[in-house]
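Work out the full structure: start from the sequences and follow the hints.
As they're listed, the protein sequences go chains A and B.
Everything in the first sequence is counted per our numbering, starting at 1 for the first residue and increasing by one.
Everything in the second sequence is counted per our numbering, starting at 1 for the first residue and increasing by one.
These are calculated hints, taken from the structure and not from any lab test.
Every clue listed holds true.
Keeping only pairs whose Cα atoms sit at most 20 Å apart, straight-line, the calculated SDA-like set for lysine to any residue is: (1) B/177 <-> A/27; (2) B/538 <-> A/173; (3) B/2 <-> A/166; (4) A/124 <-> B/352; (5) B/2 <-> A/165.
Restraint ranges, calculated between C-beta atoms of paired labels, are given here: (6) A/85 <-> B/215: 44 to 54 Å; (7) B/270 <-> A/173: 52 to 62 Å; (8) B/87 <-> A/153: 41 to 51 Å; (9) B/242 <-> A/156: 52 to 62 Å; (10) B/269 <-> A/156: 34 to 44 Å; (11) A/164 <-> B/87: 48 to 58 Å; (12) A/32 <-> B/400: 42 to 52 Å; (13) A/88 <-> B/232: 25 to 35 Å; (14) B/535 <-> A/85: 34 to 44 Å.
Glycine residues also receive a C-beta, built at the ideal position from the N, C-alpha and C atoms.
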Amino acid sequence: MKTDIILCGVGGQGILSIATIIGEAAMNENLYIKQAEVHGMSQRGGDVQSNLRISSQPIASDLIPKGVADVIISMEPMEALRYLPYLTPDGWVITSTAPFVNIPNYPDVEALNAELDRLPHVVKLDIEQLAKDNGVPRSANVILLGAAQKALGIDYDKLEAAIRRVFARKGDAIVEANIKALSIGHQLGNG
Amino acid sequence: MKKLLLGDEAIALGAIHAGLSGVYAYPGTPSTEITEFIQANEIARERGLHSRWCTNEKTAMEAALGMSYMGKRALVCMKHVGLNVCADPFVNSGMTGVNGGVVVLVADDPSMHSSQDEQDSRFYGKFALIPTFEPSSQQEAYDMMAVAFEYSEQQCLPVLMRVTTRMAHSRAVVVVKEEAAAEKPMNYDSVAANWVLLPANARRRNDKVTAQQAQLEADACASPFNRYQRPRASEDTAPASRYPLGVIASGIAYNYVAEAASRLDGAEASFPILKISQYPLPKALVRRMLEECERVLVVEEGQPFIEEQVRGVFESQNIQGRLTGELPRTGELTPDCVGEALGISSHRAVTPQIVVPRPPALCQGCGHRDVYTALNQVLTEFQNPRVFGDIGCYTLGFLPPYKAIHSCVDMGASITMAKGAADAGQWPAVAVIGDSTFTHSGMTGLLDAVNENADITVIISDNLTTAMTGGQDSAGTNKFEAICLGLGVDPAHVRVVVPLPKNMPEITNIIREEINYHGVSVIIPRRECIQTFKRHAKEKKA
Numbered sequence: 001m002k003t004d005i006i007l008c009g010v011g012g013q014g015i016l017s018i019a020t021i022i023g024e025a026a027m028n029e030n031l032y033i034k035q036a037e038v039h040g041m042s043q044r045g046g047d048v049q050s051n052l053r054i055s056s057q058p059i060a061s062d063l064i065p066k067g068v069a070d071v072i073i074s075m076e077p078m079e080a081l082r083y084l085p086y087l088t089p090d091g092w093v094i095t096s097t098a099p100f101v102n103i104p105n106y107p108d109v110e111a112l113n114a115e116l117d118r119l120p121h122v123v124k125l126d127i128e129q130l131a132k133d134n135g136v137p138r139s140a141n142v143i144l145l146g147a148a149q150k151a152l153g154i155d156y157d158k159l160e161a162a163i164r165r166v167f168a169r170k171g172d173a174i175v176e177a178n179i180k181a182l183s184i185g186h187q188l189g190n191g
Numbered sequence: 001m002k003k004l005l006l007g008d009e010a011i012a013l014g015a016i017h018a019g020l021s022g023v024y025a026y027p028g029t030p031s032t033e034i035t036e037f038i039q040a041n042e043i044a045r046e047r048g049l050h051s052r053w054c055t056n057e058k059t060a061m062e063a064a065l066g067m068s069y070m071g072k073r074a075l076v077c078m079k080h081v082g083l084n085v086c087a088d089p090f091v092n093s094g095m096t097g098v099n100g101g102v103v104v105l106v107a108d109d110p111s112m113h114s115s116q117d118e119q120d121s122r123f124y125g126k127f128a129l130i131p132t133f134e135p136s137s138q139q140e141a142y143d144m145m146a147v148a149f150e151y152s153e154q155q156c157l158p159v160l161m162r163v164t165t166r167m168a169h170s171r172a173v174v175v176v177k178e179e180a181a182a183e184k185p186m187n188y189d190s191v192a193a194n195w196v197l198l199p200a201n202a203r204r205r206n207d208k209v210t211a212q213q214a215q216l217e218a219d220a221c222a223s224p225f226n227r228y229q230r231p232r233a234s235e236d237t238a239p240a241s242r243y244p245l246g247v248i249a250s251g252i253a254y255n256y257v258a259e260a261a262s263r264l265d266g267a268e269a270s271f272p273i274l275k276i277s278q279y280p281l282p283k284a285l286v287r288r289m290l291e292e293c294e295r296v297l298v299v300e301e302g303q304p305f306i307e308e309q310v311r312g313v314f315e316s317q318n319i320q321g322r323l324t325g326e327l328p329r330t331g332e333l334t335p336d337c338v339g340e341a342l343g344i345s346s347h348r349a350v351t352p353q354i355v356v357p358r359p360p361a362l363c364q365g366c367g368h369r370d371v372y373t374a375l376n377q378v379l380t381e382f383q384n385p386r387v388f389g390d391i392g393c394y395t396l397g398f399l400p401p402y403k404a405i406h407s408c409v410d411m412g413a414s415i416t417m418a419k420g421a422a423d424a425g426q427w428p429a430v431a432v433i434g435d436s437t438f439t440h441s442g443m444t445g446l447l448d449a450v451n452e453n454a455d456i457t458v459i460i461s462d463n464l465t466t467a468m469t470g471g472q473d474s475a476g477t478n479k480f481e482a483i484c485l486g487l488g489v490d491p492a493h494v495r496v497v498v499p500l501p502k503n504m505p506e507i508t509n510i511i512r513e514e515i516n517y518h519g520v521s522v523i524i525p526r527r528e529c530i531q532t533f534k535r536h537a538k539e540k541k542a
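Have a look at this one:
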């Protein structure tokens, strides 16, 4: 198997914790992994992305070539569109619909939605609202991960086990909240 | 044991496992995580390895030399422009040589993700006569650390290890050793005649190190990190006719070439690759490629370091790369531009027009915001004010809505540039510098200003941390008033304020008063970085 994933959002939205869970699950399956991250100045409220590649064969490039990514997982709707040149024509976009407005010229939200709806495979979720409504306010990003499970090609229980390992240090309450978030996203993503 | 590690983390763990005794560094993207990893590592803690941040790269490099003098292994880490700051000890460490192994790890930042230039540190290695390593993968980065320390001791020279952003900040699965080698014992083998660079000693060392270069090049030709690979593994002899194309690929560029080769089929993908990860340039291997190939494409991250050496002044061979337009002349390589150079047609999809840029900005609630609000307000009262900025989060004050600074060149330049402008007759000349940058290389400039009582106003915007790189300890915390007074600033003109919106009348009054004072004044707005403040609040709760 081979899955190329672009994780994106705005600095501070928690895309790297999604990457950590996927990476943990993939390593436990003895898969090869490459994950390029953005650190430094862009983290201050700028657009950030991470290229995550998992494969049963060795991976050469740390970066994903254009037109090759299988899935874009985005914490923000405009950011999902920024990386479309990297998506393979029948790839999936799994995105939060909540705009993060920290620039004066943020585009019209209706127009953004229309642009997203034009894509062949898109899952749009208001993860912030879902997280609040379901009592897991700090786990919006894991809802998104749950929704992306199928596109990632990693078994659901493998992701769940990875969450248990990644969050074990933080206590049972946090582990359970994240597993609940994963399940909410999973149901909506595959619905 | 397998671990998922950033390139920076692989380097750090490789160093610990190689029997490191101390890391010396100043934070700088993309090198910061190396030292942070060592600070948090259990073995490093048990052994009490040195890992505290240094005031700047020069103090770091010199402390590492001191540790080496006593026979122990030391690692120095910095971003590429940090090598300029420690160029003096770095270049001269090539003359003194080392006792315990020294690895100088420099992380270059092509495309300037978090930097002000694209300089390529391999040039420093060549010019300082210091062997240079450039890993192609995280695994190689880990493995190289032990080899680099060995080699440093064997050759009695420091080793420069050059990585780039994509290597530093990319994770991969790395197979690591179960145990760390023991630290080296103290020894007194250092010979003073090598380490005292009086001209007579230095001339002798210069001859020796220059003569040593032939051996270093021979070692590079035999290095397991440098490989000449023909298209099929079975081809261990030269071909009957020349290959149409050969590719020289160094460091991380090798991965992009391998990626492209995997996407091409048949004849198109069958070119020899010369992978280079150890310098001086292994000329014998390059010669073999030139003999066996009609055309050679040089793919390297950064400036055309190999390409220029291979071309020389002659252009008879068909040698291509960044200098001939097959690859972009500047900027970071991508699998796309390398793929295109090797004949993969480019993917034409574009980002929808509705998407607009989202530049980084100062955080909401950041004290620098209040400093710029106050400064901008006061400066409207003056004709042609000039504000000299510096390196840190507050450089973002250049962008709207503040548009508050008129220069930013290098660490510490705000104070000295303001002084030079004042010398030229400029008033008001204001310097804005962060706390960590001030101790890094602003203090000496302040002494110049004090000695001439320059008519400048210095704002040390103190957020109690090195914020831009993620909140590392700042060398001068709790010492700034004492430092300024010690350097001779008039106590009446060292003013401390708390940058908060409610204090705006007080802050603007103080800035106005100090601009109107015709001499050196220092204003210290002090409030903790909002990011470290949040982190500390979280830690307290837990």
